[in-house]
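Residue numbers (the working numbering), protein chains in the order written: chain A, 1 to 370; chain B, 1 to 370; chain C, 1 to 370; chain D, 1 to 370.
Mixed in with the good hints there might be a few duds.
A pair counts as met if it fits within one copy or between any two copies, since identical chains are not told apart.
Stated by the list, open to error - Simulated pairs of lysine-lysine, DSBU-like, Cα-Cα distance not exceeding 35 Å:
1) 99 to 201
2) 99 to 66
3) 66 to 191
4) 201 to 66
5) 99 to 75
6) 201 to 191
7) 99 to 200
By construction, these hints were calculated from the structure, which means they are not laboratory data.
4 protein chains.
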Amino acid sequence: MSANTWGTLFRVTTCGESHGAGLLAIIDGCPPGLAVTEADIQVELDRRRPGQSRYTTARREADQVKIIAGVFEGKTTGAPIGLLIENTDQRSKDYSAIKDLFRPGHADYTYWHKYGTRDYRGGGRSSARETAMRVAAGAIAKLFLRQQGIEIRAGVVQIGPHQSNCDAQSLNWAATAENDFFCPDPSLVAKFDALIRDLKKAGDSVGARVRVEATGVPVGLGEPIFDRLEADAAKALMSINAVKAVSCGDGFAVAAQRGSEHRDELTPSGFRSNRSGGVLGGISTGQDLVFEIAFKPTSSITIAGDSIDVDGQPVSVVTRGRHDPCVGIRGVPVAEAMLALVLMDHFLRHRGQNADVSVSTPKLAAKSAE
Amino acid sequence: MSANTWGTLFRVTTCGESHGAGLLAIIDGCPPGLAVTEADIQVELDRRRPGQSRYTTARREADQVKIIAGVFEGKTTGAPIGLLIENTDQRSKDYSAIKDLFRPGHADYTYWHKYGTRDYRGGGRSSARETAMRVAAGAIAKLFLRQQGIEIRAGVVQIGPHQSNCDAQSLNWAATAENDFFCPDPSLVAKFDALIRDLKKAGDSVGARVRVEATGVPVGLGEPIFDRLEADAAKALMSINAVKAVSCGDGFAVAAQRGSEHRDELTPSGFRSNRSGGVLGGISTGQDLVFEIAFKPTSSITIAGDSIDVDGQPVSVVTRGRHDPCVGIRGVPVAEAMLALVLMDHFLRHRGQNADVSVSTPKLAAKSAE
Amino acid sequence: MSANTWGTLFRVTTCGESHGAGLLAIIDGCPPGLAVTEADIQVELDRRRPGQSRYTTARREADQVKIIAGVFEGKTTGAPIGLLIENTDQRSKDYSAIKDLFRPGHADYTYWHKYGTRDYRGGGRSSARETAMRVAAGAIAKLFLRQQGIEIRAGVVQIGPHQSNCDAQSLNWAATAENDFFCPDPSLVAKFDALIRDLKKAGDSVGARVRVEATGVPVGLGEPIFDRLEADAAKALMSINAVKAVSCGDGFAVAAQRGSEHRDELTPSGFRSNRSGGVLGGISTGQDLVFEIAFKPTSSITIAGDSIDVDGQPVSVVTRGRHDPCVGIRGVPVAEAMLALVLMDHFLRHRGQNADVSVSTPKLAAKSAE
Amino acid sequence: MSANTWGTLFRVTTCGESHGAGLLAIIDGCPPGLAVTEADIQVELDRRRPGQSRYTTARREADQVKIIAGVFEGKTTGAPIGLLIENTDQRSKDYSAIKDLFRPGHADYTYWHKYGTRDYRGGGRSSARETAMRVAAGAIAKLFLRQQGIEIRAGVVQIGPHQSNCDAQSLNWAATAENDFFCPDPSLVAKFDALIRDLKKAGDSVGARVRVEATGVPVGLGEPIFDRLEADAAKALMSINAVKAVSCGDGFAVAAQRGSEHRDELTPSGFRSNRSGGVLGGISTGQDLVFEIAFKPTSSITIAGDSIDVDGQPVSVVTRGRHDPCVGIRGVPVAEAMLALVLMDHFLRHRGQNADVSVSTPKLAAKSAE
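Produce the complete structure using the sequences and hints provided.
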């Protein structure tokens with residue numbers, strides 16, 4: 001398994017399991033001079049942290065991040081940034097009930113077959129706990145992007161049958177900070193609340209759809225032909241646990257559209273529409289980037305399901321413990337983080353290849369060479 | 001722009017524009033000993049080739065591939081494979097009409113802004129012609145995968161309002177070879193035909209949805225956490241021109257599902273369902289891989305649209321020439337090729353890290369060392 | 001700066017400065033099932049640790065490594081391995097004397113110009129302290145390689161004017177564990193000792209030449225044309241602080257050799273000589289790998305030298321503190337570690353591309369699919 | 001074998017064997033707007049071409065390069081550049097004499113064991129013919145670097161026992177264009193000439209030492225800790241066929257130096273010396289970069305040598321054909337090319353991460369958005 005690094009110029013490498021000693025991240029390629037504090041990262045981690053509301057798992061992880069390296073006198077130095085989150089809420093628990101069987105819908109079966117072994121304590125590396133470090137790294141990317149005028153936002157626009165129209169009338173991004181669902185459409189909040197309450201009683205879970213956007217993106221980000229901006233974003237978003245679909249702009253609806261309807265016409269004052277979702281030919285147009293993703297319902301539910309054990313014998317499985325009834329909710333800050341990583345990497349990549357920008361050498365060089 | 005290479009261990013690098021001298025591909029990392037002929041590659045190129053039916057562009061490119069390197073006495077040697085397709089149908093044409101304006105819905109605008117220049121002859125690198133080399137490389141991957149028991153198939157399951165149920169009853173994969181739409185649902189063919197005829201009359205175009213599957217996939221392919229199999233597939237498929245959405249298994253429908261409904265239960269004789277699309281935790285389950293993608297309608301239509309020129313002045317644009325009314329049709333072999341590249345790369349990656357397989361050294365080594 | 005990751009399939013990412021909170025490493029791509037303990041890593045760290053003998057710096061770092069992730073029940077799981085070494089001996093010190101000047105022969109000048117900032121506490125990322133994590137990662141690679149029959153060894157064969165003939169008569173590898181110089185030629189030890197004593201009195205330092213070898217290497221490691229085994233080894237060894245030259249086999253002496261003299265003839269019982277250093281065409285021959293490297297003398301000496309400050313004004317610099325008179329000595333375990341990283345990565349790369357080795361799927365797969 | 005690509009942002013991928021249809025290169029990541037013609041590339045290829053003088057092989061390859069893609073109206077577009085060199089001088093020849101045996105000192109033995117097969121016609125991919133495309137790609141890098149004020153030069157400073165002092169008195173770089181040895185020390189030319197004449201009579205070959213320099217390099221190139229400038233250069237140079245050693249600055253001589261002697265002191269008007277070879281801490285200092293490499297003598301000689309055949313039986317081998325008596329001579333333009341690739345890649349990498357340079361968007365963006 002050699003795929004725990006994300007990015008080309010802005011590179012994030014993570015490790016850590018839900019029941020080990022902790023999580024690490026090394027963030028390489030951050031330009032020097034960026035002001036970063038532990039508090040800047042913590043604020044994003046707190047958005048994702050479990051135990052925040054009744055809609056998410058009751059598991060309580062302090063998720064306190066410590067900067068181990070790469071920041072000196074409050075600023076990045078160009079050296080790799082090291083982060084540590086120690087695990088604190090590892091209830092010592094008896095795993096013998098699940099040690100030798102495969103929970104349906106979980107990665108137990110595939111990890112066992114791939115690696116010939118399995119860390120059965122809480123899912124090991126396949127646990128969503130891994131996403132904490134994505135959020136921490138994303139927090140740093142967001143700080144950089146904000147300096148460039150780029151902002152990232154995400155919110156839940158569907159849970160079960162309840163969904164937003166996602167038009168200018170229904171979306172109010174400020175509202176995401178005011179409800180426990182990160183929902184930008186206030187008309188849905190009461191419906192979401194009722195649905196989750198019912199699910200918790202039933203011991204079941206539900207999927208969700210999340211919209212992720214970026215504003216202030218300059219024209220020119222994205223590297224044809226394989227690292228198109230939407231292709232890298234699709235990979236980043238699909239790499240989040242439980243995500244099963246990714247769309248850009250009008251997404252699957254384009255299959256039913258006509259060319260005369262789909263194309264975003266241009267006028268001297270800008271584009272007339274944004275069906276493309278902010279990319280053409282794999283490169284950002286300068287409009288808002290618009291993506292949507294679907295989270296599957298977690299399989300950690302208390303309704304019994306059929307499965308097999310490691311000897312291939314049939315078993316019935318009930319997953320007890322503290323689990324999210326809708327993992328898509330806490331997926332919101334993770335989705336923001338992944339889009340931030342993609343944009344920061346592409347920002348640096350675009351800049352690296354721009355022919356008319358000369359290497360800036362501090363004045364001293366000239367002076368000392370005189 | 002440094003993103004014309006796909007893959008980690010099986011690496012495909014391409015170049016070439018629609019109106020230059022030709023297209024090149026270098027395919028690195030193919031294991032030695034694989035039987036490959038130009039005819040093996042040509043058969044796949046011919047499936048994608050324009051001018052094949054009345055539903056695709058009338059542009060005629062022979063697309064004759066030549067193997068330049070890496071194959072000796074009919075087999076790969078372990079050296080990189082070089083492919084050349086010379087461009088033959090470059091009508092000398094007057095481009096002055098579009099040279100200084102941005103066709104709406106095209107990459108003209110973004111390429112111009114990113115690179116400060118633009119190859120205005122037929123779209124340059126943003127032309128779908130680039131996908132010919134994806135198909136050629138995919139043909140080699142398919143040969144390798146077939147030896148391992150893995151087959152890849154794709155077909156159009158929606159054009160405009162007409163779509164398949166995509167269930168066992170409606171899908172007949174053998175049918176894709178028997179109609180000009182690569183459509184696995186024969187009940188749709190007449191509807192597609194009528195729609196395309198109408199569109200051609202109207203000078204308009206339409207989108208499409210394509211289903212891509214792989215059978216015979218072993219358990220264990222995919223590299224958590226960032227190079228999950230579905231994440232790499234999502235990037236590969238989203239990197240195809242005009243693709244705006246990618247789903248795995250039940251896709252966006254999971255947002256409305258409950259956990260008790262979504263999880264694929266296991267029995268001693270296998271999985272009960274395949275809502276996951278053949279991956280769990282980013283790793284193949286041994287079930288069929290199932291993806292769907294949406295192609296936008298091409299913007300190359302003869303209905304006038306508003307845009308601007310390079311000086312920002314308003315213009316009206318009509319795109320004449322020989323264009324596909326539905327680019328999703330010829331996207332079918334391209335989608336197969338991209339999934340083939342992903343699977344072959346992951347096959348080699350999985351094998352590289354498997355601890356209990358020793359390096360196989362030919363017998364001679366022992367002999368000569370005695 | 002995005003170059004703190006080494007390797008293609010076996011990937012090591014590190015961070016940490018000499019005067020920060022500590023050092024981190026994430027080791028990705030280690031096959032599952034490898035037995036690894038903190039003690040296995042500690043034994044290698046202790047070989048590199050400062051304060052071990054009078055020939056090295058008196059700085060005392062406990063360099064206690066903690067495994068944070070990736071090892072479960074004593075074995076690797078296939079998940080990335082996380083390591084932490086906390087810094088303990090950070091004397092709070094007044095850096096105002098060197099804060100604004102460039103020590104001659106140090107990276108102060110180049111870091112300042114590259115990053116526009118500089119971590120002046122002990123050299124920041126340019127400090128040799130960074131190599132501790134190379135050694136820790138190398139310890140894991142050595143465990144894996146040992147299982148495959150590959151052993152790595154290194155030793156100082158020259159300090160100042162005193163050098164070994166490096167022939168079968170003079171080299172005794174067991175001796176490296178018995179003297180404080182890791183010297184495989186016992187005849188040199190007394191000379192080295194006298195020289196270092198003189199240097200310490202004079203406040204000066206000296207360079208060294210180190211020989212690095214691997215035994216038990218199978219035929220076939222190395223990836224033409226750019227990742228030849230000796231090319232990757234050259235990069236790995238040249239990336240060590242203070243190394244200024246790398247040779248393979250007969251090295252620079254080949255410039256004076258004739259073809260009839262240089263070529264290693266083959267007989268049915270093996271090669272007659274090893275002038276090539278164990279590689280032909282970039283691929284291991286099955287003979288011992290033989291490299292040599294040169295370490296420059298450290299510039300941290302108490303003899304005053306001329307330099308400039310950040311304003312370009314002339315200054316005289318004396319570097320006080322606890323420094324190695326000959327950094328090549330502690331470079332020995334670092335050189336071993338880097339060769340181990342190269343060999344492990346190439347071992348996995350070679351295996352990944354070997355066509356006749358099928359993916360090994362645990363028996364269960366068949367059973368559960370029946 | 002997946003290692004036929006060089007570089008991170010400026011990426012060169014090559015393929016082709018000495019006796020196949022030709023050679024291809026795809027050069028990805030070249031900034032747009034660079035003026036490049038086939039003649040610019042041809043002039044460098046002609047320097048490397050065989051059959052130029054009596055000191056090199058009589059094999060005659062026209063080595064005519066064709067630009068297939070990526071250049072439009074005489075300038076790069078940002079799209080990947082495609083190059084083709086067709087093989088013309090493939091004498092149809094009987095290879096049965098060497099087909100089943102391993103020439104000593106060649107890659108025959110290792111390729112056979114690694115790949116289980118071998119392209120026995122002229123060495124296949126292990127032939128020095130592969131280096132033609134390195135030179136072609138390097139020609140493009142040189143054009144870019146020249147615009148930035150960076151020039152690269154190389155020359156033979158030793159053949160057999162005859163070597164230059166390499167000091168300011170003996171080196172005259174203009175002389176490299178005036179003799180057939182690319183020798184910057186005119187006092188050596190007659191000695192080289194006599195030696196090569198003797199060797200040709202004897203049917204033997206000889207090694208060589210080549211010095212490679214770059215002038216005009218800005219401060220700041222190189223990416224600690226693993227992609228130090230000298231580490232990447234060491235890999236690039238060691239990846240050239242027949243190279244067995246690489247040094248930077250004073251090279252192996254540093255093992256005998258003292259710190260007070262080695263450090264390059266700084267004054268307000270610049271460095272006092274350049275023992276470091278132009279790098280400190282892995283980053284360019286702004287001084288000239290200075291490397292030296294050693295080429296082994298080719299093993300393609302007519303003096304019989306012992307070897308074995310593929311069945312392990314003893315054989316005597318004579319390598320007839322048209323071979324260079326001193327491959328180091330034609331290695332000069334190859335060494336220049338590799339250093340050019342390294343510098344161009346690092347130039348783009350440095351620029352990509354420089355925090356205070358904003359993305360330059362053409363004026364139009366603002367205008368069209370008004």
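Pop the pair residue 201 and residue 66 into one bin, within, between, both or neither, using alpha-carbon distances up to 35 Å. Answer is neither: 38 Å inside a copy and 43 Å across each miss the 35 Å cutoff.
Intra- versus inter-copy proximity for residue 200 and residue 99 (alpha-carbon distance at most 35 Å): This pair counts as within: shortest intra-copy Cα distance 25 Å, inter-copy 60 Å.
At most 35 Å between C-alpha atoms: does residue 66 with residue 191 qualify within a copy, between copies, both, or neither? Answer is neither: 38 Å inside a copy and 48 Å across each miss the 35 Å cutoff.
What label fits residue 201 with residue 191 when the C-alpha limit is 35 Å: within, between, both, or neither? within (16 Å within a copy, 47 Å between copies)
What label fits residue 99 with residue 201 when the C-alpha limit is 35 Å: within, between, both, or neither? within (27 Å within a copy, 63 Å between copies)
Using 35 Å as the alpha-carbon threshold, which applies to residue 99 and residue 66: within, between, both, or neither? both (33 Å within a copy, 26 Å between copies)
Between copies, within a copy, both or neither: which fits residue 99 and residue 75 at Cα up to 35 Å? For residue 99 and residue 75, the Cα distance is within 35 Å only across copies (16 Å; inside one copy 45 Å).
When held up to the earlier numbered hints, the structure conflicts with 3 and 4 and fits the remainder.
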